[in-house]
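Colleague: Chain by chain, the residues:
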Amino acid sequence: MADVPHTRTLGSAAKVIAAEIVALLLLFALQQAFTP
Amino acid sequence: MHPVDWTIIALYLSWIIWTGVQHTRGSTELQSYFLGNRSNPWWAVGLSVMATQLSAITMVGTTGQGYTDGLRFVQFYFGLPLAMVILSVTAVPFFHRARVYTAYEYLERRFDVKTRTLTSALFLLSRGLSCGAIISAPAVILSIIMGWNLTLTVLLIGIPTAIYTMLGGVQAVTWTDVKQMYVIIFGLTAVAIALVLGLPGDVSVGDALRVAGTTGRMQAFDFRFTLNETYTFWSGLIGGLFLMLSYFGCDQSQVQRYLTARSEAEASSSLYMSAYWKIPLQVLVLMIGVLVFVFYLFNQPPMLFNPVHEARVKQSAVAGRYADAEQRFSKAFAVRRDAARALASSDSASSRDAAGAAFLAADDALRTVRRDAAGLVQEATGDRSYRDVNYVFPTFVTTHLPIGLIGIVLAAIIAAAMSSIAAELNALATTTVIDFYRRLVRPEAPDGHYLTVSRIATGVWGVFACIVALYAANLGSLIEVVNRFGSFFYGSILGVFMLAMLTRRASGTGAFVGLIGGMLLVASVALLRPDISFLWHNVVGAVGVVAMGLLVSLVVPAALPTGDAA
Numbered sequence: 001m002a003d004v005p006h007t008r009t010l011g012s013a014a015k016v017i018a019a020e021i022v023a024l025l026l027l028f029a030l031q032q033a034f035t036p
Numbered sequence: 001m002h003p004v005d006w007t008i009i010a011l012y013l014s015w016i017i018w019t020g021v022q023h024t025r026g027s028t029e030l031q032s033y034f035l036g037n038r039s040n041p042w043w044a045v046g047l048s049v050m051a052t053q054l055s056a057i058t059m060v061g062t063t064g065q066g067y068t069d070g071l072r073f074v075q076f077y078f079g080l081p082l083a084m085v086i087l088s089v090t091a092v093p094f095f096h097r098a099r100v101y102t103a104y105e106y107l108e109r110r111f112d113v114k115t116r117t118l119t120s121a122l123f124l125l126s127r128g129l130s131c132g133a134i135i136s137a138p139a140v141i142l143s144i145i146m147g148w149n150l151t152l153t154v155l156l157i158g159i160p161t162a163i164y165t166m167l168g169g170v171q172a173v174t175w176t177d178v179k180q181m182y183v184i185i186f187g188l189t190a191v192a193i194a195l196v197l198g199l200p201g202d203v204s205v206g207d208a209l210r211v212a213g214t215t216g217r218m219q220a221f222d223f224r225f226t227l228n229e230t231y232t233f234w235s236g237l238i239g240g241l242f243l244m245l246s247y248f249g250c251d252q253s254q255v256q257r258y259l260t261a262r263s264e265a266e267a268s269s270s271l272y273m274s275a276y277w278k279i280p281l282q283v284l285v286l287m288i289g290v291l292v293f294v295f296y297l298f299n300q301p302p303m304l305f306n307p308v309h310e311a312r313v314k315q316s317a318v319a320g321r322y323a324d325a326e327q328r329f330s331k332a333f334a335v336r337r338d339a340a341r342a343l344a345s346s347d348s349a350s351s352r353d354a355a356g357a358a359f360l361a362a363d364d365a366l367r368t369v370r371r372d373a374a375g376l377v378q379e380a381t382g383d384r385s386y387r388d389v390n391y392v393f394p395t396f397v398t399t400h401l402p403i404g405l406i407g408i409v410l411a412a413i414i415a416a417a418m419s420s421i422a423a424e425l426n427a428l429a430t431t432t433v434i435d436f437y438r439r440l441v442r443p444e445a446p447d448g449h450y451l452t453v454s455r456i457a458t459g460v461w462g463v464f465a466c467i468v469a470l471y472a473a474n475l476g477s478l479i480e481v482v483n484r485f486g487s488f489f490y491g492s493i494l495g496v497f498m499l500a501m502l503t504r505r506a507s508g509t510g511a512f513v514g515l516i517g518g519m520l521l522v523a524s525v526a527l528l529r530p531d532i533s534f535l536w537h538n539v540v541g542a543v544g545v546v547a548m549g550l551l552v553s554l555v556v557p558a559a560l561p562t563g564d565a566a
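Quick mapping for you: the protein sequence lines, in order, are chains R and V.
Each step along the first sequence adds one to the number in the working numbering, with nothing skipped, and position 8 is 8.
Each step along the second sequence adds one to the number in the working numbering, with nothing skipped, and position 336 is 336.
A hint or two may mislead.
[To be verified] If you anchor each label on the Cβ, the simulated ranges turn out as follows: (1) V:R387 to R:A33: 42 to 48 Å; (2) R:R8 to V:L284: 27 to 33 Å; (3) V:H449 to R:V22: 50 to 56 Å; (4) R:G11 to V:P3: 50 to 56 Å; (5) V:W18 to R:V22: 48 to 54 Å.
[What the hints assert, rightly or not] A few chain R residues that face chain V, going by a derived Cβ cut-off under 7 Å, partial list only: (6) A13; (7) A14; (8) A19; (9) E20; (10) L26; (11) Q31; (12) F34; (13) T35; (14) P36.
To be clear, the hints were calculated from the coordinates, so they are not data collected in a lab.
Built from N, CA and C at the ideal position, the CB exists for glycine as well.
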C-alpha cells in the first residue's frame, strides 16, 4: 500500500521531465529549422 | 476606441466582479476566506497558479522582448518543470500536512517565531511594493497608448480587484483567476491567428519565420556557460530552478493557491499544470512578439513606439532633426521591406545567403535611424534610458487589430494584471493577519473578528498598492530598486526553507543568522560583482543560507529535539 503513492509520485515526476525534454527538443528543432 | 471595444471591456469587468462577489456568501470563516476550506479541484488551482504568475508585465513586456530579442527569453523558464517536481515532493506535502495558512507559519513550527516573523516581514515589504508596480506598469502603458487618464487607469485595475478580493477571499481569487486565464489564452490565440492572417499573401508562415531567423530571433538556446548573461540555457536551468523553487515554494502569493487544493495529490497536479504548459505558453507569447516584428517588416511601424515621447520631441528644439530622421526612417523602411520580401521569396541556398546579407544590412540601417531618434528623445526629455519595447505590443493591438479584438486583447491585458494583483492582495492580507495580528497582537479572538480584520487588511493593502502605483508611475527607478531589493533575499528565503525541510540539524538561531548572512552575501555579490546576472543571486543566497545556517547551528544547536511538522 505504501508504495502506491510513492510509485505514482515517481511516475508523475518522470512524465514531467520527459515532457520537458520533448518540449526542449521541439524548440531546438524549431530553432535549427529557421536559423541560417 | 470604438464603443464595441469599450463594451467588451465593460462586460469583462462586470463578469469578473460578479464572479468574485458571488463567493462572499461562502467565505464566512477564516478557513474558507483564506483556504477555501481546501476544496478546490486541481485544474482550477493550476489555472490560478498560472494566472498569478502571468502578469500584465509578462504580456506586454514579453511580447516586446520577442519583438526585439526573439525566443531567447524562454530559457528563463527552463528550471520551472524541475522546480515543480521538487516542490511536489517537498513543499506540497510539508505545507498540506502541517495544515498551515501561510508558508511562514511552518517556519515557527520548525524553528522559532523570530525566523517566521523576519521571513513574513520580508514578504510583506517586497510584495506590498511590487503589487504597486504590477498595477503601475500596465496602467502607465495603457494610459499612454490609449490616451487614458493615468489615475483613472490605476483605479480601473486596482479598485475592482481589491473589492472582489476583499469580499470573496481566496475563492474569489481562484475562480476569477480561472476565468481570467480563459480570457488571456483566448486573447493571445486570437492575436497569433490575426498575425498569421496578416502576413502578405506571398509570404508563408515558414518564410516569415525564416526572415525572423536571419536576425537571430528564432535562436532559443544559448549553451554558453557564463555568469554575466541572464538568458542562457544554464542560467535558466540552474538559476531559474532556484528562482522558481523560491517563488512557488516560499512565496505566499503562490503557496496559498495550492493550499486551497482538496488534497495533497491535487495540489501536486496543479503545480504540474505549470510544469507542462508554462514553456509552451511562454513560446506562444514570445512568438507573438516575433510575428509582430515580421508584421512590421511589411507594414511601416512608428519610428518610436512611445507616443508621448514622440509628441514631446516634436514640440522641442530638436523637432527639425526629428522630422529629418522620420524621412530617413521611411526610406530605410522601404529598403528593408523590399529586402525582406526578396529574402522570403528566395529559394536556393546561394540566393538566400545573398538576400539574407542584404536584409541584415537594411535592418541595421533602420535600427541606426531609430537609435538616432531615441538619442533625440534623450536630448529633448532628459530621459537617459529611453526604451520603448513595452509599447510595441499595445501599439500593434490598438492600431492594426480589428474592432472587437482590440477590446478582447485589452481585457486580456487587464485580466493578466488583475489576476496577479488579487493573489498578492489575498496573500498580503493572510500574512498580515495570520503571522502578525493573530500571532503577535491578538492571539485569542473569535473567528468572526479575524474575518473582519482580514477583509480590512485586504482593503488596506489594495489602497496601499494603488497609492504605490501612482507614485511608482512617476518614479521609474523606484520599481527597479524594488526588484533589485527583492532579488537580494529571494534565494535567501529559499535557503531557510531548505534548512527547514531538508535538514534536521538546523536550529532556529542558525536559520535566522543564516538568513541575514545570506542576504548580506547576495548584497555583497550584487555590489562587488555587478556583472553577475541576478538569476545567479538566487543560487548564491540559497547556498549561502544553508551553509551559514548549518555552521551557526553547530555552535548554537536546537534547544529541543525538533520534529518535522509533516
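Colleague: Does each hint fit the structure? Answer for all of them.
Modeller: Hint-by-hint comparison with the structure:
no.: 1; hint: V:R387 to R:A33: 42 to 48 Å; verdict: violated (31 Å)
no.: 2; hint: R:R8 to V:L284: 27 to 33 Å; verdict: holds (30 Å)
no.: 3; hint: V:H449 to R:V22: 50 to 56 Å; verdict: holds (52 Å)
no.: 4; hint: R:G11 to V:P3: 50 to 56 Å; verdict: holds (53 Å)
no.: 5; hint: V:W18 to R:V22: 48 to 54 Å; verdict: violated (40 Å)
no.: 6; hint: A13; verdict: holds (5 Å)
no.: 7; hint: A14; verdict: violated (9 Å)
no.: 8; hint: A19; verdict: holds (6 Å)
no.: 9; hint: E20; verdict: holds (4 Å)
no.: 10; hint: L26; verdict: violated (9 Å)
no.: 11; hint: Q31; verdict: holds (5 Å)
no.: 12; hint: F34; verdict: holds (4 Å)
no.: 13; hint: T35; verdict: holds (4 Å)
no.: 14; hint: P36; verdict: holds (6 Å)
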